Every structure is written in structure tokens, then in C-alpha cells.
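Asker: With the sequences and hints as input, model every part of the structure.
Each protein sequence line maps, in turn, to chains A and B.
Each position in the first sequence, counted from 1, maps to that position plus 2 in the working numbering.
Each position in the second sequence, counted from 1, maps to that position plus 243 in the working numbering.
Calculated directly from the structure, the hints in this document are not laboratory data.
Note that the structure is predicted; figures quoted are calculated from it, not measured.
Each residue gets a CB set at the ideal place from its N, CA and C atoms; glycine is no exception.
There's no promise every hint is true.
Stated by the list, open to error - Derived Cβ-Cβ restraints for the label pairs, each shown as a range:
(1) A:P49 / B:S255: 19 to 27 Å
(2) A:P49 / B:T279: 28 to 36 Å
(3) A:A211 / B:L284: 49 to 57 Å
Stated by the list, open to error - Chain B side only, calculated, beta carbon under 8 Å to chain A, not exhaustive:
(4) Y280
(5) V333
(6) P334
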Amino acid sequence: MNKPYAIIIGLEVHVQLLTSSKLFCGCSTAFGAAPNTQTCVVCTGTPGALPVMNRQAYLLSVKAALGLNCQIARLTKWDRKNYYYPDLPKGYQISQYDMPLSRDGHLDIPDPEQEGQVRRIRIIRAHLEEDAGKSMHDEVAGKADSRIDLNRAGTPLLEIVSQPDLRSPAEAKNYLTELKLLLNYLGVSDCNMQEGSLRVDANINLHVATPEGNVATPIVEVKNMNSFRAVERALAYEAQRQWELWQETGQRIGDVPKQTRGWEEEAQITRPQRSKEESSDYRYFPDPDLAPVTISEDAIAHVRQSLGELPADLRTRLVGQFGITPYDSDVLVSQGRPLVDYFIAAAEACRDGKAAANWVQQSVLRVLNERQMPIEQFPVPPAELGRLIDEVQSGKMETSRGREVLAEMLATGKSAAAAIDALGIVQVDEADLETLCAELLASNPKVVDDLKQGRLKAAGALIGQAKKRNPNVNATRVREICLQLVQRM
Amino acid sequence: MPISHQQVTRVSLLGRLLLSEEETETMTAQLGQILTYMQLLDEVDTDQVEPMAHAVEVSDVFRGDQLAPSLARDLALANAPQHDGECYRVPAVLGDA
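Answerer: Structural data, given as C-alpha cells:
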């Protein structure tokens, strides 16, 4: 950070909650249905239709808020946020204004500047609101109208607002990654950006060091970022743009109204968006159709007990319990709880955490990636992988042979023992190994010469030949024995 | 007057109502009368009264997370001034989709 300014970023994240039905009616929240097939009089804002709160949506929100270390409001209410837009049939969005269900939390994220350190990002609030519909601009045949699909209207969203505590695009990315992981572990949201179940808006400006002290530049809201990588890039672009603009105009916060800009993935730039005129005046007022919601300390404690082990705690436990590195622990935990459970079962079966971590990362994850398969469908049970690891660790076969065994297990569904038999793997007797090595040396005088001259690389040729004669030989042992024999010559 | 001409113009813009100058005058007068009447409430001493979130003393009205049948699409679209059998059609929305 040798730049003469600091980057100040706050994120507003909307996540779709994992409910079957919408926030205020019984229509499905399933993604991908044909347009306007999942709506009712509540979703379409038909006069007289009344919303009724989905209890599960509220409880999932409380769960997420507790996972974010927020204070849960004992009394909360919903308000109408009034604005006119074609994807909002009622003319208002039911949201929360002055009494959100939670506030004042924090999320610890990995510090991108210092490995192993965390940065605590404060959460202003997390509140529950309904989604709007989707508008699609129809450019076919030059038609100048928009098409509206209301399937999404009324889907429960949790809005999570951070303090402007993030200091770099990399920190913003780490915050999103950690938030997504937390919400996945809590079972609150699948956070799938492609399907719109996680959306990010970013507020960003600069604090420039000047002779008269720090000066803040105008805040810009950046929208339309479709991946975490896009968030990182958009913010990096925007920081640089604002720095150049500051040098050119010297504009400070308050000199111009807050601007909204959209990230354009193709061009890798942000561009100003048409702002909804007068849109800042939402004329919030309590929704008379909805009763306030109260929650007791007992009920909060009950939800707290259901949180389960959170990613940060799990990372620490894996390092302590299985002796794996923080890096390996992080890789495993970020794959989700089912993979961690698989690892734990395999590690317990072979009583070697480090070996299990290597096998899971190098072999299991690779197969899952290749086959685009979740761990739940991985054909080899963790106990069987554990047995295989045990055989490899005990020296019965080398890792590369072990991988062949795993491939056999995957292909045939055999147990570790059966696959080892099928491949004809037996541990080669030491005496047989010595005989083999002696024969090889006798038939390779050139290699023996090289080895005597200290050109140890030459041993590679012997290992290759040994493997050809007997695939079960241990390469390391062949090398060791050959070198010993040469020394004695 | 409890509400100004300027405030009525602003509220009509927010409500997407196009009012003529004459209508704005009428609305300013009529809204003023309503607000004056409502100001009667200012005479009540509410210092000791806890603010309410709702007019009725009721809370925690929930439904379970159960699916209910949605409307058939043709029924859902039936009242729209314009639709194409799949979607509502509205004048072009610019900006973010």
C-alpha cells in the first residue's frame, strides 16, 4: 500500500433463502420454471390479496444473522419501500427499514496481505425482504418493449450490509468467499450466483492523503457483477478510475450526488447507469398487512444451538485433530461439509490425517472435478479409501500403484483388498528384490560405471527395468539396494 | 396551509401522477384540509405511550413453508393490458435488467 490513498469498500449482499415456498405465499421458489408459472394473487399484487409470513424464512434469517455474530432484535417489523417499476407489481417492496431483525455483527476473513491472519469485517445489519420480478429487454424484431416474469417476485432474500471496512478488491473477494461458505454450512442459502441466489452491490470511494488531511472522494455504487472475480476486477477498475478522476477534478464527497455504475464484463469497465429519478425517496412506512414478529431469548438460544460447526472452527479443529496444515484444512473446508466428513472418515480409517488429506485433495477431488460429481456420489466409501491409504503407508505399494488401485476400485466397485488382489499386487520379498537388483547390475555395466562415478541419475534406468520385470517392486528400495550393491563392488 | 404547492408536485411525481396546474391547486387545497383535520391528533398527549408497529395488538402471524398451487399462467396474465402468452409486456425498461 504505497499508494497515496486508501480504498474504502462496503458490500451489500442479497442471498436467496433455501425455502420451498415464497416469503408471503405458497408459490414455489424453484429456479428455472417457465415464465409466470409460479405466481398467485400475492405475487402479482392483486388488490385485496394479503401476505402471510413464511416462518422458515424468518428462522433461516435468524440463523444466518447468528452465524454473522449479529444481535437479534426481540421485536422486528416489515415496511413498505415505495417505488414504481414494472417488475414490482404492488408498487412497493416489502422490506425492513428501522427495525431490522438483526444488527451489529461481524465476519472474520482471511487477510490477503498476511497469510494466516484474519481481518474482522463489521456487519451493520441483516434483514429479510422480498425479491422483485425479472425484466428482460426484448430486442427481437426491434420491439421496443420489455417482458416481465414474476416467478421471482416474493422470493425471500436476506440482505447483508457490511460496514465500509474492506480495504482492497482482494478483501472484498475474501469477504464474499467466506460469507458464501458460512451460509452454505448453515444451510441458509446455496449462494449460486449463476442462478441469482447471491447478488452483490458494492459501495466504493477513496480516502486521499493530502497536506490538509485525508479527503474522501464521492461514493460510487457498483452493480451488475456476475462473479466474485468480476467483483474484484470491477472494484480494482473503479478505484483506479476514481484516483484518476480525483487528480483531474479534485471532487470530494458531497460535491456531486452518489453515482450508480454498472460493471461491463465484456469491456472490463464500469459505466454510469441511468439512475431512477427521485428514487432515494422511498417513503418507507410500516406494512399494515403484516404483524410484527417477536422472538424470545429461549427461541434465539434454540436457533443458536442449531448452527452446527462453522467453517472457521472446523478449520482449526482439523489442524489440531489430524495434524494437517492450515492450507490443507482450508482447501478441505472450502469444499463444503460433506467433503470434510468424507475426509474425517478416511483419516480415521487409516489413522493418518496427512496422508488422507493428500489423497482426498489429489485423487478424490480430481475425480469429482473430472466427473462433475458431488462427494455424496463418489463410488468409493471413505473407509475403503482409508484401507488403501493404510496399505500404501505401510509400504506394501508405492503411491503411484495405490492410484492404480483406486482407479480399479472406481471402475469396478471393488473393495481395496479385492482391487489390490485383482492387480496382482503383493509386496516383493527383500531377498527377491536383491536378486533382481543384482541381475540388473550384471546386465547393465554402463550404468554401474556411471554410478561408480557418482552419476546417481543413472539409477533411473535400472528402476524402469525393474518395474518392467515386476510391477510390484518399490522404486525407492530398488534404488537403495542397487546403490548399496555398487558400493560393495 | 399544512402542505405546499411544491410538496404536492413532488408527491405526484413520486406517485407517477401527471397533474395539471389546476389539479395541483385543487389537490393542495384538499390534501391541506385532510391534513388539518388529522392535526387534531396532535392535541393528544402521547408522551407516555409506547409507539406501535401495527394498529392491532397482534404479532407473530406465520405460515409453514408449504407449497400451494400457483395460478394458471393464462389466468395470471389475463388482466394485463399487454402480454405475449408467456410474459407481461411493458414499455421498455432501460438500465439493469
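Asker: Run every hint past the structure and note whether it holds.
Answerer: Now the hints, each set against the structure:
1. A:P49 / B:S255: 19 to 27 Å: holds (21 Å)
2. A:P49 / B:T279: 28 to 36 Å: holds (29 Å)
3. A:A211 / B:L284: 49 to 57 Å: holds (53 Å)
4. Y280: Result: violated, 19 Å to nearest chain A Cβ.
5. V333: holds (4 Å)
6. P334: Constraint on B:P334 satisfied, holds at 6 Å.
Hint 4 alone, counting from the list given before, is not met by this structure.
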